[in-house]
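S.K.: Read off the chains here:
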Amino acid sequence: MEYLVSNEMTMMDKLQILSDAAKYDVACTSSGVDRKGNGRDMGNCLAGGICHSFSADGRCISLLKILFTNECIYDCKYCLNRRSNDIPRATFTPEEVCELTMQFYRRNYIEGLFLSSGIIQNPNYTMELIYRTIYLLRNRYRFNGYVHVKAIPGADPRLIQLTGYLADRMSVNLELPTAEGLKNLAPNKHRKTILKPMRQIQNGITENKNEIMLYRNAPRFVAGGQSTQMIIGATPENDFQIINVAENLYDKFSLKRVFYSAFVRVNEDKDLPALPGGPPLLREHRLYQADWLLRFYGFKAKELLSEDRPFFNVMLDPKEDWAVRHLEQFPVEINRAPYEMILRVPGIGVKSAMRIVNARRSASLDFNALKKIGVVLKRALYFITCNGRMMYHTKLEEDYIVRNLTADAKVKRQLGEDGMTYRQLSLFDDTTLAAQPTIVDSGKVLMGQM
Amino acid sequence: MEGTGTENIILICEDSMEGILTGIYEAYALRMPHDKISLQIGEEANFRLFTTYRKVVPEAVKAEKVMRTLKQRFWEKDYHDLFMALAAGDNRKAEAVYKTVVWGLSGKCKGSILAHMTDDAVRTVVELARRAGNELQRMREFLRFSEMENGILYALIGPKDNVLPMVTAHFADRLPMENFLIFDEVHNLYAIHPAGKEWFLMSGNVVEDKEDRTMEMSATEEYYQELFRGFCHSISIESRKNLKLQMNMLPLRFRPYMVEFQKK
Ligand code: SF4
Numbered sequence: 001m002e003y004l005v006s007n008e009m010t011m012m013d014k015l016q017i018l019s020d021a022a023k024y025d026v027a028c029t030s031s032g033v034d035r036k037g038n039g040r041d042m043g044n045c046l047a048g049g050i051c052h053s054f055s056a057d058g059r060c061i062s063l064l065k066i067l068f069t070n071e072c073i074y075d076c077k078y079c080l081n082r083r084s085n086d087i088p089r090a091t092f093t094p095e096e097v098c099e100l101t102m103q104f105y106r107r108n109y110i111e112g113l114f115l116s117s118g119i120i121q122n123p124n125y126t127m128e129l130i131y132r133t134i135y136l137l138r139n140r141y142r143f144n145g146y147v148h149v150k151a152i153p154g155a156d157p158r159l160i161q162l163t164g165y166l167a168d169r170m171s172v173n174l175e176l177p178t179a180e181g182l183k184n185l186a187p188n189k190h191r192k193t194i195l196k197p198m199r200q201i202q203n204g205i206t207e208n209k210n211e212i213m214l215y216r217n218a219p220r221f222v223a224g225g226q227s228t229q230m231i232i233g234a235t236p237e238n239d240f241q242i243i244n245v246a247e248n249l250y251d252k253f254s255l256k257r258v259f260y261s262a263f264v265r266v267n268e269d270k271d272l273p274a275l276p277g278g279p280p281l282l283r284e285h286r287l288y289q290a291d292w293l294l295r296f297y298g299f300k301a302k303e304l305l306s307e308d309r310p311f312f313n314v315m316l317d318p319k320e321d322w323a324v325r326h327l328e329q330f331p332v333e334i335n336r337a338p339y340e341m342i343l344r345v346p347g348i349g350v351k352s353a354m355r356i357v358n359a360r361r362s363a364s365l366d367f368n369a370l371k372k373i374g375v376v377l378k379r380a381l382y383f384i385t386c387n388g389r390m391m392y393h394t395k396l397e398e399d400y401i402v403r404n405l406t407a408d409a410k411v412k413r414q415l416g417e418d419g420m421t422y423r424q425l426s427l428f429d430d431t432t433l434a435a436q437p438t439i440v441d442s443g444k445v446l447m448g449q450m
Numbered sequence: 001m002e003g004t005g006t007e008n009i010i011l012i013c014e015d016s017m018e019g020i021l022t023g024i025y026e027a028y029a030l031r032m033p034h035d036k037i038s039l040q041i042g043e044e045a046n047f048r049l050f051t052t053y054r055k056v057v058p059e060a061v062k063a064e065k066v067m068r069t070l071k072q073r074f075w076e077k078d079y080h081d082l083f084m085a086l087a088a089g090d091n092r093k094a095e096a097v098y099k100t101v102v103w104g105l106s107g108k109c110k111g112s113i114l115a116h117m118t119d120d121a122v123r124t125v126v127e128l129a130r131r132a133g134n135e136l137q138r139m140r141e142f143l144r145f146s147e148m149e150n151g152i153l154y155a156l157i158g159p160k161d162n163v164l165p166m167v168t169a170h171f172a173d174r175l176p177m178e179n180f181l182i183f184d185e186v187h188n189l190y191a192i193h194p195a196g197k198e199w200f201l202m203s204g205n206v207v208e209d210k211e212d213r214t215m216e217m218s219a220t221e222e223y224y225q226e227l228f229r230g231f232c233h234s235i236s237i238e239s240r241k242n243l244k245l246q247m248n249m250l251p252l253r254f255r256p257y258m259v260e261f262q263k264k
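Note that the protein sequences, when read in sequence, are chains A and B. Using the numbering used here, you'd call the opening residue of the first sequence number 1 and step up by one each time. Using the numbering used here, you'd call the opening residue of the second sequence number 1 and step up by one each time.
Just chain A, same shape as in the assembly (with noise of 0.2 angstroms):
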């Protein structure tokens, strides 16, 4: 094609290797911001983000995700892109990711950019040619659109600051749940230079928070907010460990999103485990909900797992399992119990608690009204009962409901349908507790035009 670029790699090849190779990071989210377009220049944002299409992993495609570069100085072994990999190697150009980004977002295919990158030269020259490439997309492009962007540990704190005025989501990588495991695998990175530039990130967002109040058009400093992520099962952490670090990044760093990236066996390595059944999906799986209740249950992870119980359980949701095992707190009782308290009712989700507390106030509620109102009792039942009464003759007790939740769920355990889908997760993840985004006027848009 005459689309060839210099050195000459097409610019197909490329974005197939620096595409491929940014396949591992998993937040895939645009959500958190809501930007309305300024009648000038292309882009807007919306709070709940949106997925654009579905990769055959069934993973969402939200963003242009690519690696800016996937040369690397860097040697960590879980990763393909470490320096003692032979495997082909491309660098973009920043106009070349502009000008990607662009013609994507125009046709619809993506909401922005999330841009990472190998290690080339040093920190400060690798976050500088990301700043750069920002810098272009949003003053020379004049891109409104969603930009996510990583800090890289190590590199001038100046230009993580500017370039967090410029992206709506920054993260740094955690990589791995302790520092001992991130010395076992990634020996050039440190803990605490990845906990650096993440404070940093936390810090700039109050502070830009307060100049806000102050003066309304002050620059948005990642108005999106803070992610990280984890390599889940490459070291041998706990489930329980893990979310004791969750919780901290969540509680100390203010973070938004703590993603899980079930480890994939990419480089033979000796000190890399063997994964005979494929990279652990379930366990991932579970550590998601887990989040989810963390986030917005009112769940703590030491309600969840303890020292002798760290692991999740296979067969059961960690609600449901936590249920069980908090058997004294049930049953529920609907029409009077606090909004808190049926959340942590298993099938009972954020949204059917709303209903039921909104509907409670000008009706008492049986159980054909709270089938009525939406809410699926399947799994709810053995552990309410509406004005005293339980749906049906069921036992309070461990055994029983085990084995009833577990029934019928070995075909819907399989991931992505046990009724927190992977899209639940990732696109509404932000905006489950904050207003609908509305449209303003639709019906006045609606008359006018028809």
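Since the hints were made in silico from the structure, they are not lab data. Remember, it's a predicted structure, so these values are computed and weren't measured experimentally. This list has only true hints and no planted wrong ones.
Cross-link-like lysine to aspartate or glutamate pairs, in silico, EDC-like; alpha carbons within 20 angstroms at most: (1) K241/B to D57/A; (2) K244/B to D57/A; (3) K36/A to E178/B; (4) K77/A to E180/A; (5) K372/A to D120/B.
Each pair of labels, with its calculated beta carbon distance range: (6) E226/B to N85/A: 19 to 29 angstroms; (7) P194/B to A218/A: 28 to 38 angstroms; (8) Y215/A to V57/B: 49 to 59 angstroms; (9) L156/B to E180/A: 47 to 57 angstroms; (10) D34/A to G158/B: 25 to 35 angstroms.
Glycine residues also receive a C-beta, built at the ideal position from the N, C-alpha and C atoms.
Since the structure of chain A is provided, determine the placement of chain B with the ligand on it from the hints.
M.R.: What follows is chain B with the ligand alone, placed relative to chain A:
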């Protein structure tokens, strides 16, 4: 019936926002108990006894009056949902919206009316609004523009619900300086957005010859389609392959409209 002599009246409305809102206006104009009146879209096959059928001719002025009232009297979110419900491709919408409006305007209900999901009409409205809302979201996600030789972006969609207006509003906000054209082949409607100007809808019958549909693609269009197809392929992780999950997330009916699923 019941000795009062009042029969039931069914108002037959056109399947459009304007049609149904005019129907609601006419229902109030009858000054009869609302439980004697119902709204219906199109003719019903089995006629009911003791029932008068009346056709409602859509009138913009009446529809707008109803709309203004709703806007004043309903919560913003409720107002929005009522309109989403009216876009649903489901004939129950006219009656459900009408009865919800009656209840809302009666003043008997405090707060958000759509929170009262134990009521049948309200529940139907909520269900339809959710369904149309989902379809709208799907269109925002899965619609694909192609660049034509004159630089115009063109998209073909086939939504179940009549969401083209909302879809267009979304893209007009997002791509203000693009000339774009969206054709909804199910509802036979065109949305036209001239760069930097207001967009408008046109019935497919009005657009003379269907020339737009045979426009040539621009020189680089194929190139970007190919790049995106390649991207969708390389971004997938082989050892996590899960076509069933992909199918749940992206049902087959959308794929004919999407470049990444078109084998070339
Ligand atoms: S820094 Fe480590 S994880 Fe990142 S690209 Fe280089 S080798 Fe891979």
